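*Asks:* One-letter residues, chain by chain:
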Amino acid sequence: MGTPILETRGIQKEFPGVKALSDVSFSVGKGEVRALVGENGAGKSTLMKILNGVYTADAGEILIEGEGVTIENPLSAQRQGLAIIFQEFNLVPMLSVAENIYLGRLGGSRKTIEWNRIFEDAGALLEELNYDIDPRELVENLSVAQKQMVEIAKAISFHSKIIVMDEPSAVLTENELQKLFEIVDGLKKSGITVIYISHRLEEIFRICDSVTVMRDGRIIDTSPIEDLTKEQIIEKMIGRKIDQEYPTRDTVPGEVVLRATGLNRGRKVRGVSLELRRGEVLGLSGLVGAGRTETVRLLFGADEMRGGSIEIGGAPRRIRSPIEAKKAGIALLPEDRKQQGLLLDLPITQNITVVNLDNVKAGGARVLSKSKEREAARHYFEALQIKAPSVTQKVFFLSGGNQQKVVIAKWLFSEADILIWDEPTRGIDVGAKYEIYLLMNELVAQGKSIILISSEMNEIVAMCDRVLVMREGEVRAELAGDEIKAETVLKYAIG
Amino acid sequence: MMTEKTTRKQRSEADLFFSKYAMLFVLLGIIVVSGFINPAFLTGQNLLNILKQVSATGILALGMTFVIISGGVDLSLGAIMSICGIIGVGLIPSVGIVPAIVCAIAAGFGFGALNGWFVSLTGGTMGSSFIVTFGMSTVIGSAALSITNGALVHAIDYPGYMVVGQGSWGIVPIAVVIFAAFVLLSWHLLNKTSFGRYTYCLGVNDEATRLSGVNVLKTRVMIYAVAGMMAAVGAILLTSRVRSASPVQGDGYELDAIAVVVLGGSRMGGGAGSAEKTLIGVIVFGVLTNALNVLGVSSFQQMIVKGVIILVAVLIALRTVKVENELLAKAT
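As you go down the protein sequences, you meet chains S and V in turn. The opening residue of the first sequence carries number 1184 in this note's numbering; numbering runs sequentially from there. The opening residue of the second sequence carries number 574 in this note's numbering; numbering runs sequentially from there.
Next comes chain V alone, as it looks inside the complex (with noise of 0.2 Å):
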């Protein structure tokens, strides 16, 4: 009797484990398949040139975890990405190459804070987060198509400014760089700051939050706001990589920043995640892509693997959160 009830426990914290480091084990199965079938893939040149590619979509993610972690979500991402990163190279001529970029950055924030304010009035939920920054985005879009007319902004002319994207420090990118800064950034917002434990709080519960005193307002806007200057900063990292600036350079951005935040294994309705969860998500989503590229897996396909590994870590993620509290439960 006794020796079956501690299998069982042990058996639930092996579990436990398995479940909340599962996408570390898949993205180690990833490296090691992949770098048997084609060793080039395990080169540490191949890795930084992973993580450089996946460095915006990487930066926006992050911000998305805010948005998710408050219990939202955040569709405009995507539109804020490129009207930001028309206006940091179409002001590049008039301004010069750093107050552009500054200029992108405040845009981003300000359209951001904009999401947060509107989805404050409307009573905070995910649904109403939803509709408005989905309502957003097409504003966003449709004004990055007017600006343009739909063409094509080219940063060609300002080397500069490509260095962002393209240059790199000894071996390592400075995108690579500039995404570890925001990571570490995002830990220290969301694990040191009173901004961070409000932003879990709101995903948790807002009107218990507002009754304990807490400026829910304040908290939301800045969540947004936060969220929408990462975008910007995505929009400069790709836009130099890249070389040119488009209307609809963002478009879709906002979904594959959804998928890293839950294969990182944070809970879509709030509450749980973190920075760590959205790295490991970023890695696997690039490491993921390369591979299925190198081993020459048609872009037709490619898609039809990463659905089926977003629903898988969906899957995880609950299943985790329902280990942990069975294991919680005993505890008590």
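Just chain S, same shape as in the assembly (with noise of 0.2 Å):
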């Protein structure tokens, strides 16, 4: 095998009061696909820090082909060819693709800036891994893959000899990750190392040569990916074993609660009716930019209808705001929490009640109620197992999963019916996705009604009743029983 091309030794790393990481060490050979997973809080993301020069290791050491390594700060870690793409893209929008790929060097040694070779550059370099993009493209006028596609030309650009990708498939649909496969694959052939950090196995075993599983800041396993199945690996991961990665649910339907004719928003949406029964869980699939969080927004009055008409419990509706649609019993779960879900900075008791303050108040005047507020905020803490040392803790501190949940019981506290799910399990690990399952099993079984956009196949086909499948804003296909199957949702998704 030779020399490892990265190698940590005995990685420590230690917060007050929490043991970040404990003897990590692994190796990853060049040009190897490598998958490291690990439940939330695993420890994943302390490693990448460390690798990335944000937070410096207690103890341990840092190898690079053999040599050791001390990394300062994130320069000097692509410096010494090691780059990390997060999720979260440090791209400028207001940019261009050449200018965000040359991003503090565009002068290179002389002080002027010669704007046709920093283009001519970026284009060759784009050329050469066959990516399809326009140099002189503004990043905010590209695709979530396409910015991927050039945080990737960006780090090549530095001669990386390790590209680390932190959960690169979250935001991406299907046709898109065939896409990042190749890219992936591409990488490989070049000889490049890649670090691929996901909580999707499905995906792992179809790109990865060998997977490294971390649990409570150690490193669990480290095996070839042949070795392994998808059960072991979250049974690693989790500790403990599983019996099903999907509860069943065996309830029946009702009548219908919500009923839309005819949607109309721009080229987004058209013309989209759907039907939404007491119990059900209504998958609505496609890929990105389909028009599904599009088509809810318009049921939440998030966004302003062009046309068509909302009946809810069999009369007709009218919702032109957030404002009337809670009135109306409907909650929307966003696509992006920490945006537009969560008031991140304040505790989770006024996150809880913010949709219904009218019921924490208390006395003659009707004033808002501390103690009402944490009563309410516990209750949700017990329904739903969220996890967090008070209910007055800010969110901000919060795990995905447990943030997710906080949404949740925030639009239960509200008393609505129709719950419009948005990405619920988006970023969020095996052992809370589960909980979440089952949390809607309970609801529907209570004779609410679920919405569900999930942009992973198998939970659509797992958990919902019905499916529409949406593509370019409207709906092609109407799938129900056994007909729900991933090859046909993804037959009509392309179209």
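Worth flagging that the hints you see were computed from the coordinates, not collected in a lab.
In silico DSS-like pairs for lysine-lysine, Cα to Cα no more than 25 Å straight-line:
# : chain 1 : residue 1 : chain 2 : residue 2
1 : S       : K1330     : S       : K1232
2 : V       : K895      : S       : K1232
3 : S       : K1202     : V       : K895
If you're wondering where the values come from, they're calculated on a predicted model, not measured in any experiment.
Now that you have both chains on their own, put them together as the hints suggest.
*Replies:* Structure follows, in structure tokens:
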């Protein structure tokens, strides 16, 4: 195998009160694609931040090509051939692709910038990588997948030997994913090592050579991918056996609670009609940009409807704002949890009660009661198994799974019956995902109805009673029961 | 190892305590030093006098507190103060004292509501509130000058009106009582009502607030209206104390109000702050001004001292947030 390209020996990192990493030793070879998996809080991010020079290890060594190195900051990591591509890209939206690639070294060794040279170099680089992107295009106009390509091109331009990708697939759809696989393959062929962090185990089997599992700040196992099954990896990640990935449900949907007819909004949503029944999970599937999110935003009054009508419980209802949607018993768990779903700087209590403050008022003067707020929050702490040191903790400090549960709790507190969940399990670890599925089943058993948007095909297939497949702003197929199969859904989604 | 960890944590908690109450320590320091140098400073009469002098700025600052918590800033409060002073004093001959005051307050509320509406139309960001209220300030300031032709409007003939700013109940000036009432009102609104809660929510993330089914437009209009109304109340305290209204009377008061809010430790940018903090800021501001006078510091140098203290206050506020977050992160 020769000298590993990257090796860590006995890395330790302790934060006051928490041992984040203990004795982390692993190595990865040249041109290898290594999966790094583990639940949130397992220590993956801490390890990456140490490799990137954001944190300094308390003990241990990092070796690149057999030589000990010190990584003081992200720039020095980059200079030593180690690039990390984070889920939230480090790109400047208002600048061109070429400027982003050469940001910080636009002038080279000269004092003035030769714009033609920059664009030519970037163009040549993108061509070499076989990425179809115009170097003069502004980054804000690119799709997520294209932004990823720009990040990779930037890494390559630094002559990186190792590229770490943090959850690269989380925001991609099926066909963009295909492109990502090709990209990773290309990197591998040119001898670049890829460390691939992901919660999605299917794709690990498709592109990785080997897998390292972390749990509680330790390396649990490193094996060639063919030696493990998906179930074994999950077991190692959570430290116990799981019976199934998705819980089963035997509820039967009842009468129609929501009917939308001919919803329209420009080119994004074109004549979408749908029906949602009591106790039903209705899936909305399709590629990113197919108009799923835009459709549910119309149902919630978040955007202005250009045409169409909505009936709730058989009676026509105008929904022109989230205020009216809330009154009609509709809730939206937005796709972008941190920016749209949560008030990160406020405590858990206030995040939950904001939708229904009248319910936590007390006394003749009807003033807000902190104790009633805590009581309400505690109820959901138990019901949803939210893990936090106290109900008054700022949500900023919670893990993704617990943050998502806070958003769910908030809409349960609003007493909504129609729950629209847009990508509820994105970026959430396996254990928390399962809890969210259980909760879903429990809610529909109580007679609530759920519209589920998910880019994870298996989730749609396993959890939905019925699925609408969207493409280019229109509903292209309605599938129910045994018709709901990944291949079928994908067939209609791609068209 | 273990002991090292505990000391580190304790130090942080002590840090937080110091940062949070830094302004109180500064205040105590100023009082002790000034009292030592000039005992006249420490008399109850002087302290009440200080409060009376800052009551107008204080009420303005309370209004500014709402706007700053919601993630904005209101540069028109000074101009609103000027025009409301003119309306208040100017209307007395035709409608009488009480109706004139009511009209002034209603006008302040109206100007504020207009601010809130425009700020909402332009996106509701810090930037839009800055430019909208700046524009409003120019319009209102110019209107005040046009109405009066730049002249003073005298209140000297209305002793009943001047009681507001000059009279007292026992030894307590009426202006101080009014200020105290507004501190309580602001505290109540911010802590005990939906309106107050939404004010914080807007400052944290207005899109997430909108998507929680909160009426963001109404809340924002109300926030600026409350600030405008408080500017009008400040105008009445000021004009009745100095016995006249002038079209440029309020100039600069909006900046003092921002300074006071920052001195109290509320955060520019929104989401945090309180009426109590602003109260502390007002007292520090007043005591400092008075102490500098008592100590014989020239008015030119006073500006330097005040400016430096505001800069220090901003640094302390930043540090408080940092230390607090570190502690919370550890607890998780």
